[in-house]
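In order, the protein sequences belong to chains A and B. Note that this note's numbering gives residue 237 to position 225 of the first sequence, counting from 1, and the numbers run on in steps of one. Note that this note's numbering gives residue 146 to position 126 of the second sequence, counting from 1, and the numbers run on in steps of one.
Simulated from the structure, these hints should not be mistaken for lab results. All C-beta atoms in this analysis are idealised placements derived from N, C-alpha and C, irrespective of residue type, glycine included. Among these hints, one or two may not hold up.
Said to hold, decoys possible - Pulled a few chain B residues facing chain A out of the computed Cβ check, cut under 10 Å: (1) LEU57; (2) GLU63; (3) THR66; (4) ASP194; (5) SER222; (6) PRO223; (7) THR226; (8) ARG237; (9) ASP251; (10) ASN253; (11) HIS282; (12) ASP286; (13) ALA287.
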Amino acid sequence: MDFLAFLVTQCLNALSQAALLFFLGCGLTLIFGIMRIVNFAHGAFFMLGAYVGWSAVYVTGSFWGALVAAPILVGGFGAAFEMGILRRLYGRDGHSFLMVTFGLTLMMGEAIRLIWGVAALQVVMPQSLSGIVFILDEPFPIYRLFLAGAGIVVAVVIWQFLERTRLGLLIRATSQNAEMVHALGTDVRLVRSAVFGIGCGLAGIGGVFAAPMVTASLGMAPNAVIDTFVIVIIGGMGSFLGSMIGALLVAFVQVFGSYYFPDFALAFMYLIMLTILVVRPGGLLGKEA
Amino acid sequence: MAGLSRRTILTAAAASPVVLRHARGETPIKIGMPVALTGPAGEIGTQMRHGAEFWAKETNAAGGILGRPIELIIQDTTGDPATCVRKAQDVVERDGCRLLFGMTLSSEALAVVPKLGEWNAIFMSSDNGDGRLTGSSFVPNFFRANISGPMETRVISLWLRQGKLGKFFALGMDYAWGHNSIGVFQDEVKRAGKTFVGDVYSPIGTKDFSTYITKIRQSGADGCFLVLQGDDNAAFLSQARDYRLQDKVQLITSIVDLNSIHAVGDAAIGLAGSTRYVATIDNPKNQAFVAAWQKQYNALPDVFEGEQYQACKMLQAGIEEAKSIDADKLRPALESAKIDSIKGPVAMRACDHQAVQGGYIVKVVKKDGAKFPVPEIVTTFPGDQVTPACRQMTFDS
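Excised from the complex, chain B in its bound form:
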């Protein structure tokens, strides 16, 4: 009973004012969104929710899709794969959704995708990074509109080849993600003809990074690759600034996002890395999006808000092309979907359902008048260089 009333409230909160205005007897297009709103991934999930709500409101105000209003059914998964599968099953079987967004963590997405065929539902991912989703774990009803983890690392490695830095050290969180990413990074450093001088892993939840900072200084590296997130990332950046580490070493990270920058303020200045989306992308679509977003939320759209909006637009393009939300009609339409996105042209690929798109290297800089430092685009790499071959997670060259 508690679950039902909460769902009703969330649904109402997500869609009611617009749905009512456009309820012309048309049945709404229901999109289920099991997403991590609480728990360690809650920050990312909340961004995804904002992105989807913004799109739904905007689209409903313009008359919906195929004349039908959009209704988001948002459920909190807490970032737990088992809960996520249950919530996804709920929105599919109880609420009748045949379209899905959300599944914040790749572990959640990997748990859900084997069920998509049985549910006859299409899942449009906006943030899942795991390369396997468009590789070994590929299913026909899964589509990825966002930049994947391997693509992110690829952008950094392309940038390294151009760059002046020669000796690299790496610091990562001591679990699968940290070890994997640094392994890939190490290979890329060697392929670029540069030197990799060492790596170290900090336990999750490390508060004092002084020892690690000492190690980085002693390594003599001029660049340090960081695979840290959340609290650990904020703690490291704050303390690195205290020790003036940035004066000697260029810090490089796999994702630059506004939340981390806001958490540490000026300590983020000088940080370089790839990003999936940044509000300063210079094209008319993005400028219009950022302006509308600022009007509604009084803030710049962050990485996963932009990525979610792009994923929504991708799904919308597919539905409009197919003139249906039925999976069998929608799938071929999505496979050839091309949109003029906030990130420029983005095209879905039929062979593995990965959207081909450019990647960005940004550097965090201080801007006059802005309360927080902002990421500025340093280089853009085109989609054909950034996207791996079909169903692959690695790059040949």
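If we strip away everything but chain A, and leave its shape as in the complex, we get:
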């Protein structure tokens, strides 16, 4: 394998990982931007997405069906949770949100164990994506190219949604000054539910995308939630663009770091986070905390 081929394939690997991390990070950051709460259950929604995706493939026989069903169901569950439980806690300090969303993580984990069982489940990728292409004579999985592409598409869609639509405008306005938006006659509570649902739905779709590569398993949630926090802290809490940059940075550092310095694969991610926190305590694009 010559160096150019190595470089190109590693960059593509990193892009595909960045896409996965971005689905997680942008949902978490959207939720934080609007509600000022840290959703500890974000990893659990990611995991739920993978399991719902498995069932959707089982029922519809199609991976594409799973890509539609999982974000809707997971997002719907997230919105319902916000309306039923989180809504009662606004006005309390941040600890209650941490406790409640952490509790939700445990409950979702056990519920998934009861419904789907302890064994990891295989989500079969569609035939059209399971092949390989040769990039500079090196085999590269089509699925990873698809994943990188999907990440870009979703990023553009969310960006356009935030910039161009009325709900997007309300979301941005609410994140800046919720009371003013409320005073102008918008039901801020609905905006919050919608944002929580959208954020969870994004985690859910991330779960479906990840499942063919890592299988749907009970270990997904704790692993995902830590990476996600790192991304959001690097990018800046509440910043959409920040979550994108954070995802790219973490993915590239993980891929190249684990190649050149495999013994420090994990440490690099935290090293970046520390450096950024020291230089810019609010994250790259965040407001000063």
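Put chain B on the given structure of chain A with help from the hints.
Leaving out everything else, chain B in the frame of chain A:
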């Protein structure tokens, strides 16, 4: 109170229908089973539980042991050694068990065995791999019916000596198990006169294995030894298939089990490794066992289900020989116990309480009509080659 009701439910669930039918005034033989049903080892613990329940049901239907029905008292340890010791103490002191199964993780077993003498209880292990249990940490009331970790690695090294592969790379999870196993493997590769070209360790919970796959390809190895388990194993195998790694490199693993195969489906095809038990073992005992198992669970018995069943049979043989469950009478009976097991003849050894048994190399293949690929036996090595010398963890030759 919550703990009590849960225990009662578990006990009832485990034994009630059969116990009632056979309750002829005989006191049941109570066997305590603190086992990891939840947590990271929950999958293995659940298999162990199935294996024991299957045996208890079968044996009770045949009239029990010494005319006494078997009652399993199953407790969840969550895979935590401290919890395991507490639960074991519970079943011994509160429920009066003098026989123990379970302790899914070796760390749990190592925490429990120092107490066995004080409890006057016999523990028949069905899955603990740590070589120390029949070595430096040996206690007289501990018996191991299963293949240990060193035996597993031994089977692979014997197979390497016969094989055509010449250059090896290794990928392991970055903790004690990965480093130990690869260290042993590296020595075995050198002893077999082959080349070891390098190793790399992935942090626990790694999701993206692309970099490691690149490293394996670049190493030029024709065989890669994997020490991965659970989610990491499934993720690696799925992604290795995506990159067509198996076309160039023979993947070798220390345990081939059905759960991992089911998790990744066709991505497991071609994987070779040792296994402690596999449903395709060709002897009448095993065929009868597999048929009965399929009838009850509608699935093939997996590694730890078969291993647990063998451990149960070993304990049963000891009790029937001793005509007692008293530790002082049972111990000598078990020390000379020989059974015609689902794995063929298996004999307990008096010197370190390790059961001498053959080891298997399997390769995962696609079979027509089967939903998942299945492990097929490639080679069997006899017990005297596989089992280390008494209380040893390493092999001289």
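Against the structure, the hints come out as follows:
| no. | hint | result |
| --- | --- | --- |
| 1 | LEU57 | holds, 9 Å |
| 2 | GLU63 | holds, 5 Å |
| 3 | THR66 | holds, 6 Å |
| 4 | ASP194 | holds, 8 Å |
| 5 | SER222 | holds, 7 Å |
| 6 | PRO223 | holds, 5 Å |
| 7 | THR226 | holds, 8 Å |
| 8 | ARG237 | holds, 7 Å |
| 9 | ASP251 | holds, 4 Å |
| 10 | ASN253 | holds, 9 Å |
| 11 | HIS282 | holds, 6 Å |
| 12 | ASP286 | holds, 9 Å |
| 13 | ALA287 | holds, 8 Å |
Hint violations for this structure: none, all hints satisfied.
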